[in-house]
Every structure is written in C-alpha cells, then in structure tokens.
Amino acid sequence: MVSIIAEGDFVVLGFVGEGTDPKDLSRKYTTSWFDMFRIEGGKIAEHWDPAQKM
340 MVSIIAEGDF VVLGFVGEGT DPKDLSRKYT TSWFDMFRIE GGKIAEHWDP AQKM
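Count along the sequence shown from 1, then add 339; that gives the number in my numbering.
Since the hints were made in silico from the structure, they are not lab data. Mixed in with the good hints, there may be bad ones.
Unchecked claim - So the derived label-pair ranges between C-beta atoms look like this:
#, residue 1, residue 2, range
1, 352, 380, 18 to 24 Å
2, 384, 360, 17 to 23 Å
3, 343, 384, 17 to 23 Å
4, 387, 366, 27 to 33 Å
5, 366, 342, 24 to 30 Å
6, 355, 385, 20 to 26 Å
7, 340, 384, 31 to 37 Å
8, 364, 340, 22 to 28 Å
Quick caveat: nothing in here was measured; it's all calculated off a predicted structure. Glycine included, every Cβ here is placed at the ideal spot set by N, Cα and C.
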C-alpha cells in the first residue's frame, strides 16, 4: 500500500505491485490499482475497484 486518502464517507487505498508477463515469464512489469470504500455507521457500505480481464 502506498497511499490512503479519506474525505467524508469515502476512503481510497492505493497500491503498487509487480507482476509477471503471462506471454513471457522472464519479463516483469509494475502496475498500480486502488480500492475505494464508502463508510456508513462505521462499516463498509460500498466497495469499488478496477476490474481486469485476465
């Protein structure tokens, strides 16, 4: 995790990671992604994140 951002009822977590190229297992790549939450009554009410087709 590289960042946490919160404003009002929303929280966003940012991540950076490394993956292996499925077409060439000797190659690596760096990527980033996020998870976003809406908090209601101290609990997670909604959640969003990017989706990728593998």
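task = Please write out, lowest number first, the hints stated earlier that are contradicted by the structure.
result = 2 and 7
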